[in-house]
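Novice: Chain by chain, the residues run as shown.
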Amino acid sequence: MDTTLKAGTAGQDNVDHYTNILYQMQLIRRFEERSAELYTQSLIRGFLHLYVGEEAVAVGVMQALTGEDSILSTYREHGHALARGVDAGRIMAEMYGKQEGCSRGRGGSMHLFDASKKFYGGNAIVGGHLPMAVGMALAAKKQGKASVTCCFFGEGAAAEGEFHEAMNLAALWSVPLLLVCENNLYAMGTAIRFSHSETHLEKKGEGYGMATMVVDGMDVLKVEAAAKQAVDTIRQTGKPLLLVANTYRFRAHSMFDAELYREKTEVEEWKQKDPIPALYRYMKEQFGFSEAAFQGIESKVEEEIKAAIDFAEKGKWEPVEELTRFVHSETQTN
Amino acid sequence: MTYREALKQGIRQVLQHDQRAFLMGEDVGRYGGAFAVSKGLLAEFGAERIMDVPLSESGFMGAGIGAAIGGMRPIVEIMTVNFSLLAMDQIVNNAATLLHMSGGQVNVPVIVRMGSGIGRQLAAQHSHSWEPLYAHIPGLKVFSIGTHEDARNFLPAIFDHPDPVIIFEYTSMLNMEAELPTEPENVNTHLAAIRKTGKDISLVTYGTGVYKSLEAANTLLADGIDVEVIDLRVLRPIDYTTVFNSIRKTHRAVLVEDAWGSVNISSEISARIMENIFYELDAPVRRLGGVEVPIPYPKHLEDASVPQPADIINLVKNSMRHGGV
Ligand SMILES: Cc1ncc(C[n+]2csc(CCOP(=O)(O)OP(=O)(O)O)c2C)c(N)n1
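The listed protein sequences correspond, in order, to chains A and B.
Under the numbering used here, the first residue of the first sequence is numbered -15, with each subsequent residue one higher.
Under the numbering used here, the first residue of the second sequence is numbered 3, with each subsequent residue one higher.
Since the hints were derived computationally from the structure, they do not count as laboratory data.
Worth double-checking, as some hints may not be accurate.
What the hints assert, rightly or not - With the C-beta cut set under 7 Å, the calculated list includes, among others, these residues of chain B facing chain A:
1) His128
2) Val293
3) Ala306
Stated by the list, open to error - Calculated lysine-lysine pairs in the BS3-like style (CA-CA distance at most 30 Å, straight line):
4) Lys300(A) x Lys301(B)
5) Lys290(A) x Lys300(A)
6) Lys206(A) x Lys255(A)
7) Lys298(A) x Lys301(B)
8) Lys251(B) x Lys201(B)
9) Lys223(A) x Lys187(A)
10) Lys41(B) x Lys255(A)
11) Lys101(A) x Lys301(B)
12) Lys129(A) x Lys101(A)
13) Lys300(A) x Lys102(A)
14) Lys248(A) x Lys41(B)
15) Lys301(B) x Lys290(A)
16) Lys251(B) x Lys198(B)
17) Lys126(A) x Lys188(A)
18) Lys129(A) x Lys223(A)
19) Lys301(B) x Lys102(A)
Note that the structure is predicted; figures quoted are calculated from it, not measured.
Glycine residues also receive a C-beta, built at the ideal position from the N, C-alpha and C atoms.
Work out the full structure: start from the sequences and follow the hints.
Specialist: Okay, here's the thing in structure tokens:
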């Protein structure tokens, strides 16, 4: 694995950059692990879908985006939200259902929104956000903005009609859209070989005359490099691009999943490709990154998560009298 | 027996009864069923009879319709009613209309089961009560499973129906236990069921409203109010005879459902009561529906958004005070 990571120069800038990437992946990992615990304590309810194992995709792709770019995601979006810089405390408060949450508690784990970060959900209808992403990219184009819209979805979503209609429109209208397919090989319990007649998903992009790329989603530096190239291309051409990131989720689909559909040995094999230790090993070799430095990341992450939980715990329940708010826009009185 | 097990027994029975029957849906097989209703059936019946399908609600719904026309007896599971909206075109424009448009030549014996209901903190996109939407469509038979008895017996009973049947199952009830007789009884597939007889007021409900209303009725009995609880069961076509006969006896009606208050099943029933037996009433018909808001995630707000036994009790008492006997 280490050899597949592209060698960088040992300049301080690089060290800082990689340290930050490692920190972000670790933040997502620990945040997810703590979420699972909080779920078993019934502090987080509803559905909870963890991203453990896939961190390199969110963090790698996010390196290529600026604050002007927009992001849409699925119900497995905590990782994307954290990598985007949505405040961990507000995400946690959302999962608790508190009114301090990033969606005011009304959305929960599957519906994280933060418009100030241009993070537009959090959609729990598989494929539902793909046409919306096309529209957001179209709006940017019409307004002459340089921004790119980035849309994350699973390989399962690529079987939906919504995917195909979105692909056609995106290519037809030439909109600046980065479609990131996180191919983790399973849609709930259905393996890709049982859900796609063509399992090389990039070919679906080719069918629409769209530029495509494939990347090893377990290697954060490769994802970053691919995403930067993809976003550069989109900014230059103004056209959409399909980036397929091959990855794996180490945990079950959701907290209800008994995982009857895959072998434990398969999961263990993929865990050998864990992107976090891989980057750590690489940094050790390249820059002599130390155990102590890694511990530093760990403590920072731990503190941040502790603060997030604290924030969520201290949050308030929205009064029942406000139940019917946000059904229609509230007119602002000055 | 749990509601889940009762549903599974019904499915197993039809699979054994008719070789043309097969179950198709997302994750019904290898995963074990999204809500474990079909767990074990893949091992029992094999992949030809328990078919996992890709995420493609419109596609596999249409395929189910085609298979039905082609002589099979597909049972299409749509994981939850929320996702059925992606298949709505197939259900409305094909399943419900082909018989009519073909001048009676092409019937569509497809059965569509979907998980439904509010109450597991799943937020708006996984929580709606879409029964009224389906009850609106001519050509469909729409059924709502509010009891364990119907969970086990309805599917086998309706199986030979020649036209499309939509069945609502409630995910919040899956783990609920209830006693069932060991011998499956014959179930009437077109009548409403009186779940509790009473003389003072008629309470009309369906789905998750049934057990909630029975709970409220038991409490009210202690207060000296004898409620008759009617489970509509069939939401299309609605059995008005049972409803009207009950009101002719009690002279009062309260209508309860989880679906949003405007333009729901209760609005329709209320209108029919006015049109047909207005002079039987001692008090205005009262309705209790869901609060008109996309269902929020936090438990206290979710609970506040659908009728609870306490709300039912209040409304019944309120109605009893009105008019005087
Ligand atoms: C339209 C629709 N159908 C079904 C579901 C239920 N469901 C939720 S997640 C999921 C699997 C999605 O798989 P994939 O797109 O590969 O994403 P992953 O979970 O692997 O990240 C399914 C079937 C849904 N939420 N929406």
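Novice: Could you run down the list of hints and mark each one as holding or not?
Specialist: Right, here's what the structure says about each hint:
Given the 7 Å rule on beta carbons, the hint for His128(B) holds: about 6 Å separates it from the nearest Cβ of chain A. At a threshold of 7 Å, the smallest CB-CB gap from Val293(B) to chain A is about 6 Å, leaving the interface hint in force. The interface hint given for Ala306(B) holds, since its Cβ lies 5 Å from the closest Cβ of chain A, which is under the 7 Å cut-off. Between Lys300(A) and Lys301(B) the CA atoms are separated by roughly 13 Å; this keeps the pair inside 30 Å, and the hint holds.
Under the criterion of a C-alpha separation no larger than 30 Å, the hint pairing Lys290(A) with Lys300(A) is consistent with the structure, at around 18 Å. Taken as a hint, the Lys206(A) and Lys255(A) pair is honoured in the structure, with Cα atoms around 18 Å apart against an allowance of 30 Å. For the proposed pair Lys298(A) and Lys301(B), the alpha carbon gap of about 17 Å is at most 30 Å, so the pair holds. At roughly 7 Å between alpha-carbon atoms, Lys251(B) and Lys201(B) fall within 30 Å of each other, so this suggested pair holds.
This hinted pair checks out: Lys223(A) and Lys187(A) have alpha carbons roughly 17 Å apart, not beyond 30 Å. Of the supplied pair hints, the one linking Lys41(B) and Lys255(A) holds, its CA atoms being roughly 28 Å apart against a limit of 30 Å. With a C-alpha separation of about 28 Å, the suggested pair Lys101(A) and Lys301(B) falls inside the 30 Å cut-off, and the hint holds. A C-alpha spacing of about 17 Å is found between Lys129(A) and Lys101(A), which places the hinted pair at or below 30 Å, so the restraint holds.
Taken as a hint, the Lys300(A) and Lys102(A) pair is honoured in the structure, with Cα atoms around 25 Å apart against an allowance of 30 Å. For the suggested pair Lys248(A) and Lys41(B), the alpha carbons sit about 20 Å apart, so the restraint of at most 30 Å is met. Restraint check: the Cα-Cα separation between Lys301(B) and Lys290(A) comes to about 24 Å, which is no more than 30 Å; the hinted pair holds. Note on Lys251(B) and Lys198(B): the hinted pairing holds, with a Cα-Cα distance of about 14 Å set against a maximum of 30 Å.
Between Lys126(A) and Lys188(A) the alpha-carbon distance is near 26 Å, which keeps this suggested pair within the 30 Å criterion. The straight-line distance between the Cα atoms of Lys129(A) and Lys223(A) is roughly 14 Å, inside the 30 Å bound, and the hint therefore holds. The straight-line distance between the Cα atoms of Lys301(B) and Lys102(A) is roughly 28 Å, inside the 30 Å bound, and the hint therefore holds.
Violated hints: none; the structure is consistent with every hint.
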